[in-house]
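Participant: Given next are the chains, with one letter for each unit.
Protein chains: 2
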Amino acid sequence: MKAEIIAVGTELLLGQIVNSNAQFLSLELAALGIDVFFQTVVGDNSSRLQQAIEIARSRADVILFTGGIGPTEDDLTKDALAASLGRGLHIDQLAMDHVQRFFDERKIVMTENNRKQALIIDGATPLPNETGLAVGLAFADGGKYYLVLPGPPREMKPMFTGQAKPWLQQHALTGEMPIYSKMLKFAGIGESLLEDKLIDLIRNQSDPTIAPYAKEGEVTVRISTKAPSEREAMQKLEVLETTIQEILPEHMYANIDVPLEQLIVDWMADAGLTLSAAESCTGGLLMESITNIPGSASMFLGGIVCYSNEMKKKLLNVPAALLEGPDAPGAVSREVAEVLADQVRMIADSDFGLSVTGVAGPGYSERKPVGLVFVGLAERGRPTQVYELNLKGTRENIRLRTVKSLLYRLWRRLEERKVDTPLEGSALQ
Amino acid sequence: MKAEIIAVGTELLLGQIVNSNAQFLSLELAALGIDVFFQTVVGDNSSRLQQAIEIARSRADVILFTGGIGPTEDDLTKDALAASLGRGLHIDQLAMDHVQRFFDERKIVMTENNRKQALIIDGATPLPNETGLAVGLAFADGGKYYLVLPGPPREMKPMFTGQAKPWLQQHALTGEMPIYSKMLKFAGIGESLLEDKLIDLIRNQSDPTIAPYAKEGEVTVRISTKAPSEREAMQKLEVLETTIQEILPEHMYANIDVPLEQLIVDWMADAGLTLSAAESCTGGLLMESITNIPGSASMFLGGIVCYSNEMKKKLLNVPAALLEGPDAPGAVSREVAEVLADQVRMIADSDFGLSVTGVAGPGYSERKPVGLVFVGLAERGRPTQVYELNLKGTRENIRLRTVKSLLYRLWRRLEERKVDTPLEGSALQ
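If you read the sequences in order, they're chains A and B. Counting from 1, one number per residue, gives the positions in the first sequence under UniProt numbering. Counting from 1, one number per residue, gives the positions in the second sequence under UniProt numbering.
Since the list can't tell identical chains apart, any single copy or any two copies may satisfy a pair.
Here are the simulated DSS-like pairs of lysine-lysine, each with C-alpha atoms no more than 27 Å apart in a straight line:
| # | residue 1 | residue 2 |
| --- | --- | --- |
| 1 | K368 | K392 |
| 2 | K226 | K144 |
| 3 | K404 | K368 |
| 4 | K226 | K157 |
| 5 | K197 | K116 |
| 6 | K157 | K392 |
| 7 | K368 | K107 |
| 8 | K392 | K107 |
| 9 | K107 | K197 |
| 10 | K185 | K157 |
| 11 | K157 | K2 |
It is worth saying that the hints were derived from the structure and are not from the lab. Given the structure is predicted, the values throughout are model-derived calculations rather than measurements.
Chain A extracted, bound-state conformation (with noise of 0.2 Å):
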């Protein structure tokens, strides 16, 4: 089954925004086993949409639009595409009583433009919006599938996945095999890195199919499997996943779609385990990263910017002999790493303190070379441990990469806890 996925909106076409609607569909439907062959983008432009629509016709099974359904004379999708099919328009009454309903909430009058947004084409399936105002639609028509959803992606995304894919599964998917999926994460190893040990695999693949790619610094393999049940697709999934296992054993952190930092923040929260963390060259981005995360609160307590020497000193006691004169190691140094991280676990009481120091570029530091960066790990009760790093890539890449790093690390020392005292993760407390 083949699908085209159509965006419609100047604003893409201008170059104000990107296509990431595209590339969420796509995914999608990769994972329903339909094969996209064509994106397309078209301006809000009534005859230039109509060729759109004929095009992909002739080439395509399935037929997605995003954008172009909202109250303004510029949208133009569902125009555009009952004439294209020479079919009607009317009012969904449900839609409609959804419009008003949000109009009468906020005591605002509805202006009659606002009516567009709930119109359907005859003989379609409204797709109820949850998120906003404009139904989306659903039908099939001389043995093609259509799918009308809205531009912004807070609305087009709850939509797909809550109607519009339950809808394909009903009508377009019926006598196809399902498709099953699984994730698996990996951090610490670059994705050259990666592909290069699976690279077999990759190459031989036919069923499950393999397809890694890489997004800030973490990799993700996606294996996919058609089966008549889920229960035959994960034991074919499950084989595959213990050989890739069994190839990168230290580097794979989950069978499902989760952030590292989520994992950490989880586990480190149900076992009572607290963070603090003290940061040089990444200058708060590591610490971003674990707030980023909701419930960071519970595990995180805080931790310290310390850009400049005097702020090393004054708030982390690194002696001024690591720092200065000319025998010192220096601020990029293994000695300071070390002080870093134990003193910020120290001051804050933490049971973990992390600590980055290092070059992120443009230009060196203390002679020393862009990339290079000493990452700490200091534990109650343990010695600290400290990594050296030299990374390639640009200021941003190698702020990313270091933080990744050091994430990496803690999350494989949880893991060797979990392992010690799997019964009593707070024992340590």
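Starting from the known structure of chain A, arrange chain B on it as the hints suggest.
Facilitator: Same frame as chain A, but now just chain B:
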């Protein structure tokens, strides 16, 4: 002049990456006065790619390709385009030398498939790849203009800006008046309010044109005009710029495309002023935004993430009476924001101290609503200012908008100081 952008790559159709190249090129082409009418994404498949080329030739004057010019068997763009136009391919010797040198310098044996990266279509102008290996190309055929660019943005962007854009200007835009643009940057105001204030200008625009767009808490307005000379264009643009500035006198912070953090870092560094910060609910995001700017080390000293009340008391001397007890104002309060800003400024001995305390959600804290945030601005020798924010949105949104709002306050204060002490910005140290 009408353009179409064709992005080639199965990874786009699988949703593994978002088509940010199309956004970049659309923005660039709009700035050249070229209308992008379609963006197309097609996979690494020769017949579907040729089909997309045929369609684009029927509806566009300029066709830009990104991706599919690497060394693997899946890289088909040049072959498909050559076949479609009935042209041949040959190795460009300079491009081949560039590829060969890359391997020689790394003392790696070049495999035969890398020769493919030096291929160009007969009659095309090679576009050297300064940040990668695959050569791009540009040519005219039958009144149409073709540009073939690499897929990785870090190769595509410099090749477009440095080579493809001048080529277009020389070959495709000769008869047309060049277009000139200015980017006006705004802070401390949302996109919808800004649009509201400029609605009459936007509705009645003809020449220059006005295009507002929002990105990560900042709003940009691009104003553009066509003119025979830069001098004439700038005169027209400056009239409109002045009008816009008069409508929004407090919010326009630059007339070049620069983030607010950059202005703050550069100006404080030049003036010899220093900064520190104490963050609660933003958890490091404020400091991360500042330290993300190269050169921030010369003005940003450091700061404290005081996520827990213990850290607020211990590191920032917040009196327990403010935090605890039935009548205490609590951590999320005007009083605590003031102490945090004062204290961090004194501890760091910096000219300015910033603070944040609030409820980023999800879930309220201290019975205070999600989105209530207090930000503080302490300055050596002046009373500390505290501002109350009432923000809506997700946790991520609230954190981001808090940071932008506080940076906006700091920028406003720096502007005031420039007026107070125009020639001795560092005199108050």
